[in-house]
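S.K.: All residue numbers for the sequence shown refer to the numbering used here, where the first residue is -11 and numbers rise by one.
The hints are simulated quantities; they were obtained by calculation from the structure and are not laboratory data. Take these hints with a grain of salt, some might be off.
Stated by the list, open to error - SDA-like, lysine to any residue: derived pairs with alpha carbons at most 20 Å apart:
| hint | residue 1 | residue 2 |
| --- | --- | --- |
| 1 | Lys224 | Leu407 |
| 2 | Lys32 | Arg12 |
| 3 | Lys224 | Pro310 |
| 4 | Lys67 | Lys77 |
| 5 | Lys101 | Leu111 |
| 6 | Lys101 | Arg91 |
| 7 | Lys224 | Ile246 |
| 8 | Lys224 | Ile304 |
| 9 | Lys224 | Val381 |
| 10 | Lys32 | Lys59 |
| 11 | Lys284 | Asp362 |
| 12 | Lys101 | Lys113 |
| 13 | Lys224 | Trp248 |
| 14 | Lys29 | Cys13 |
| 15 | Lys113 | Gln312 |
| 16 | Lys49 | Lys59 |
| 17 | Lys284 | Leu269 |
| 18 | Lys284 | Leu87 |
| 19 | Lys77 | Leu87 |
| 20 | Lys224 | His306 |
| 21 | Lys101 | Glu89 |
| 22 | Lys224 | Asn311 |
| 23 | Lys49 | Asn61 |
| 24 | Lys101 | Arg112 |
To be verified - Just the calculated beta-carbon pair ranges, DEER-fashion:
| hint | residue 1 | residue 2 | range |
| --- | --- | --- | --- |
| 25 | Leu100 | Gln146 | 57 to 63 Å |
| 26 | Ser342 | Arg283 | 26 to 32 Å |
| 27 | Arg252 | Thr183 | 15 to 21 Å |
| 28 | Arg364 | Leu325 | 28 to 34 Å |
| 29 | Glu344 | Ala95 | 46 to 52 Å |
| 30 | Gln80 | Ala104 | 33 to 39 Å |
| 31 | Ala106 | Arg161 | 36 to 42 Å |
| 32 | Asn311 | Leu174 | 34 to 40 Å |
Beta carbons: idealized from backbone N, C-alpha and C, even for Gly.
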Amino acid sequence: DFGLHMDVCCVCGNSSDNMLRCARCRHTLYCSGIHQNQHWKVHKPTCLEAEKQQVDPAKQKGLFETVENLKRNVDNRAKEMDVMVEAFKQAQQERENLLREMRCLEAQVNSLKSEAVAAERDLRKEEALLKAKAREAEIYASMINTGDLGQPTTVSLQSHIEVPDVASALMSRHYCVVDNFLEDSLARQLHLQITDMYRTSEELLSQLRPGDPEPEMTVDGQASRRNGSVLFVPGKLAGGRSGQNLKYSLEHVRGDRIAWLSGREAECPSLQQYLQHLEQLVLHSLPPFIPELSRKVLYHSDAMVACYPGNASRYIRHVDNPNQNGRKLTAILYLNLDWSFCDGGELRLFTGQSGEEHVDIHPCFNRLLLFWADTRCPHEVLPAQRPRFAVTVWFFDPEERAVASVTDHDTETLEQERLRIEQEMKRFRMTSEQQ
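All chains should be modelled from the sequences, with the hints used to inform the complete structure.
M.R.: In C-alpha cells:
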C-alpha cells in the first residue's frame, strides 16, 4: 500500500502535482477519484479508525484554551500560596518574638522571685543569728553561778585535766576521752537525779492504758511531762537539717529513751553545774588551742539525757551532722556505775581513711567523750545489756545553724528531705523484716 508510506497514489503508485487526499483520515493519497473509489473498501476500516483518533480542530482549540486557563489558575493559586506562605512566615516570626518577650518577662519574674526568696532567707538568717547571739549572751551569763547570797562563784575544771592534751587529741584523732571529768560527789548526785527521773518516768508510762496517746517531745524540744514529772520518750530519727521535718522511731535502729533538759529543772539541779563545767572547757579553755573553735563563738543545745534500757538496745552507725545542720562538737558524759565489758553499750567511733577502722569507748561512770559532730566521726552505740545512761550536749556553729533553720521555710528543700526520709524509713523497715 504505497499511499501509507510516501506521497504517491496508494493504488497505482504514481505521483502528480494534483494528488487527492482522503478527507477523513487526511493521510492516504490518490492520483484520481476513480482510484479513490476503487480503494474505499480496502481503506475504509483504516480510515474510520484514523478518523476516531483525530481531534476536531474546534475541540482541540477548546482543549488548548482549557489547558491555558488551568495554567493561569495554577499560576494565580501559586501566587496566592506565596502570599499566604509569606503571611504565615510573618505570623510565625511575630509568634517567636512574642514567645521571646514572654520568656524574658518570665525570666524577670523568676529573677524577682529568686531575689525575694533570697531576701527572705537572708532575713531569716539574720533573725537566726540574732537568736544565736542572744543564746550566746545567755551562755556567758550562765558561766557565773549566783549563790543564795548573790555572790558569784567561779567554775574550775578538775586539776588533772590537761587542756592542751585534750586539744591535741581532738585535732589529731578527732576525739578525746576525759575520765573523772566532774568531782565524784557531783557526778554521783547527777547520776542519782537522772536515774530517779527515769524510774519515775517508767512508772508513769506503765500506767498508760490502751488507746492513750504515746507521749512525745514538745515542739520546743523540751521533754513532755505527766503529773508534773519528766517523761523519757523514744529517740527520734531524721528530722532533716533543721530538725523540723518528718521524724520516726524504729527501736532496732535507735533504741534509747530520751528527755531534753535545760538545766533549770527542779528534779535535776546538778545538771546546771555540769553544763557550767562543760562550757568552761569547750567555750573558754579549748578555743585558744584549737583554731576551729576559736574562729566562731559557739553555743550549745539543751542536754539530751538518754537511757538505753538494755535488752540489746542500740543505735546504728550514723553521723551527728551529715548535712551541715550546725552541730560542731559532740560532748557525752557517761553516768554508769560499775560498768563492765560484758555490759556492752560501747560507743564505736570509726576512724581512719578507710572508714572501717574503729575504737570502742566504754561508757564508764564520770567519763566525758568529745568528738567532732561532722563526717569525721561516724559512730554507733553497740547493744547494751543493762540500762545505760548518758548526757549529750551539742555545740553549734551559729551561722551554719542559722542557714539550716532557713530550710524550714524552703518548700522544695523540705519536700526533697521528706522524700529522702521516707525512703530511709522504707529501707530500715525492709532490713528489719529481713532480720
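S.K.: Does the structure break any of the earlier hints, and which numbers would those be?
M.R.: 10, 18
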